[in-house]
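Q: Residue numbers (our numbering), protein chains in the order written: chain A, 89 to 467; chain B, 89 to 467.
Everything labelled a hint here was simulated from the structure, so no lab data went into it.
There's no promise every hint is true.
Identical chains share a label here; the pair holds if one copy fits it or two copies do between them.
Said to hold, decoys possible - In silico SDA-like cross-links for lysine to any residue, where the CA-CA straight-line distance does not exceed 25 Å:
# : residue 1 : residue 2
1 : 372       : 325
2 : 378       : 463
3 : 378       : 210
4 : 191       : 458
5 : 330       : 256
6 : 175       : 384
7 : 378       : 415
2 protein chains.
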Amino acid sequence: MNGPIQLHVHAQAGVARTGRLCTLRGEVRTPAFAPVGTYGSVKGMTPEDVSALGADMILCNAMHLQVRPGADQVEEMGGLHTFIGWKGPILTDSGGYQVFSLKDFVKVSEEGARYRAPLDGNWRLLTPESSTRAQEQLGVDFAMALDECIEWPADRDRVARSTARTTRWLKRCQAARQQPERTALLGIVQGGFYDDLRVAHAQEIAGLDLDGYAIGGLSVGEPLEDMLHTLDVAVPHLPPGKLRYLMGVGLPIDIVEAVIRGIDLFDCVLPTRTARFGQLFTSKGRLTIKNARYARDRGPLDPDCPCYTCQSFSRGYLRHLFLSNEILAPRLLTLHNLTFYQRLMARLRGAIALGGTEGETALAALRTKARLWMEPVPG
Amino acid sequence: MNGPIQLHVHAQAGVARTGRLCTLRGEVRTPAFAPVGTYGSVKGMTPEDVSALGADMILCNAMHLQVRPGADQVEEMGGLHTFIGWKGPILTDSGGYQVFSLKDFVKVSEEGARYRAPLDGNWRLLTPESSTRAQEQLGVDFAMALDECIEWPADRDRVARSTARTTRWLKRCQAARQQPERTALLGIVQGGFYDDLRVAHAQEIAGLDLDGYAIGGLSVGEPLEDMLHTLDVAVPHLPPGKLRYLMGVGLPIDIVEAVIRGIDLFDCVLPTRTARFGQLFTSKGRLTIKNARYARDRGPLDPDCPCYTCQSFSRGYLRHLFLSNEILAPRLLTLHNLTFYQRLMARLRGAIALGGTEGETALAALRTKARLWMEPVPG
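The following block holds chain A by itself, in its conformation from the complex:
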């Protein structure tokens, strides 16, 4: 059965793979990084900016959009694509992760999660059915199943019970779909850091014929090695022809390592959020723009970067804008960081496209680079 998305793998290097994810709103080159536009806007960027810097798809948050402006309203305005002016594919997170992080303001039962939205203090109920309905109302291309997100670390019994609930919720999401030909549904593999639970859950939901699979419950504070180990354990049990999405990850090195382990899709607030705090990713390492050493620096943020910011402005001016709280600063810095991420994805795709051993060697070289990118720019 063909769903609204199809993954076409063109080349592999080890278990890493590159290809095209075909959607009703165009193709996504994989491995792909989706910039985050929680409220329907990648902060500071127009849709044209996001497209021009090389992103094929974006991520929004269904829960946040349900609170404001409301899924009904977005639907009435012609759906999320029309509302926000983004023509490419959109994936919405269910918002489960955000709801469960409300801690004292969330009450979870088998029915769903009752939570108090910080915006207005009203209690709302998020269920697999309401979440699926809202994402279909938004009219997105990829909906995420509502899963239970628990604290880390958690004991085996708690993880097992929570994972079982996530499976029941996933089936309820499936049953609630009314637009399966338009909005893909992705299931989320849970199981914490218990290998047997991860394998069992991956195998179980792999049998549910979903449009794609995400690996959840990672990047919650655990060491990188634990996350990578979980990918090593879980990914082989996912259907090879379906999309694999690692939610909320991450640093360039995390992305490279995960691509090497067979992941196709990423999203993360890191490039956009760090940009707003004046932290930049560059080919020479991480750069803190407010550093006094850049006050009279006439060079670009990154001499290796083709983005408008690097082609047009000096570090000295960007520092001045940032220190002066000029709103042009987050715009220009976000543009740079997102460009850095998209160029990383393009390099990963290029490396894998070499295929086989040559591809693996190229990926290993990118891994070495990505480690260096984590260091501060040498002074």
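Given chain A, put chain B in place with the hints provided.
A: Leaving out everything else, chain B in the frame of chain A:
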């Protein structure tokens, strides 16, 4: 004697005039409106944005740039144009107006103004010489003479003494110039709201062979009629071949009225500042984007506007961005308001270009429109 700027008047309608202001960095179509980039950035806009929406020149604030990042540093970075990436002409206000508005944190003497900058709490001295020097260091195309700005209302004696000091300071600015072939110097007509003082001051500084003339001490809280009366009184005494600049003005209706009275150049924070507060200028009147009536409005801000914002986004989405504190909101709204102002200037130029009575009729029609633009959008 040819200075760095020359005004070429192409057509007149009454005393209104249109033409070209030639500078070493290109031509400015007059009457012109210069968007304000106090700290070297028109808030939220790239230089390309500002240029594309039709602005030929911008205004920055020399005093603010002296405090941060410092005129020395800007000079070292290649001058203000290079630093901020704006290729067209730049006018800097001396910052006198801002310094004098510090009230308890400014001490004025014949030497100059000693002021405490809010940014760092340090006391600094602003003199005609230091101000002229700083503006030349910035390398701008138009420098403003340092004038004394006093409170409104003020009694005749105080205005007379202050105006005399402004003249002495103006002569000191002239004497301090080291780059007269590169940076034009504009004198500022003071004299408060006393016609004889205005006339005398206009006549006096008209004799000083400056590159252009500003009308200062207006838009300080007085009724519009008083401001227009002052223009009626002062403008005829300025040299007809020199630029006439009305500082810090204003609303569209103010601009239309002042153009009708022979003004060539304007600057004001209104379009940019009001945009950030969600107040828009449109061909249907003033629009407050957060108004609940726009929540499900699929139409553009202004159906008559060609700007990217109006061509791309609905009022409903812009309201959502604004209420969500998304930084895309001030960017898109600023783009619209500045476009509205530039289109107004283009219409004024077009009206005057008709010449004579026909031009005056067209200007009168624009005056009627500009009055309507001040009303809220009809509901």
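Q: Hint by hint, note whether the structure agrees.
A: Hints versus structure:
Taking the closest pair of Cα atoms, residue 372 and residue 325 never come within 25 Å of each other, the shortest separation being 38 Å inside a single copy and 61 Å across copies. In this assembly of identical chains, the alpha carbons of residue 378 and residue 463 lie at most 25 Å apart only when taken from the same copy (17 Å versus 44 Å across copies). Proximity of residue 378 to residue 210 under the C-alpha cut-off of 25 Å is restricted to the inter-copy arrangement: shortest distance 21 Å between copies versus 39 Å within a copy. Taking CA atoms no more than 25 Å apart as the test, residue 191 paired with residue 458 passes in neither setting, with 34 Å inside one copy and 54 Å between copies.
In the homo-oligomer, the alpha carbons of residue 330 and residue 256 lie at most 25 Å apart inside one protomer (21 Å), although the nearest pairing across protomers, at 80 Å, exceeds that limit. For the homomeric pair residue 175 and residue 384, the shortest alpha-carbon distance between copies (20 Å) is at most 25 Å, but the shortest distance inside one copy (41 Å) is not. When the C-alpha separation of residue 378 and residue 415 is checked against a cutoff of 25 Å, the pair qualifies both within a copy, at 15 Å, and between copies, at 20 Å.
Consistency with the previously given hints fails for numbers 1 and 4, ordered from lowest to highest.
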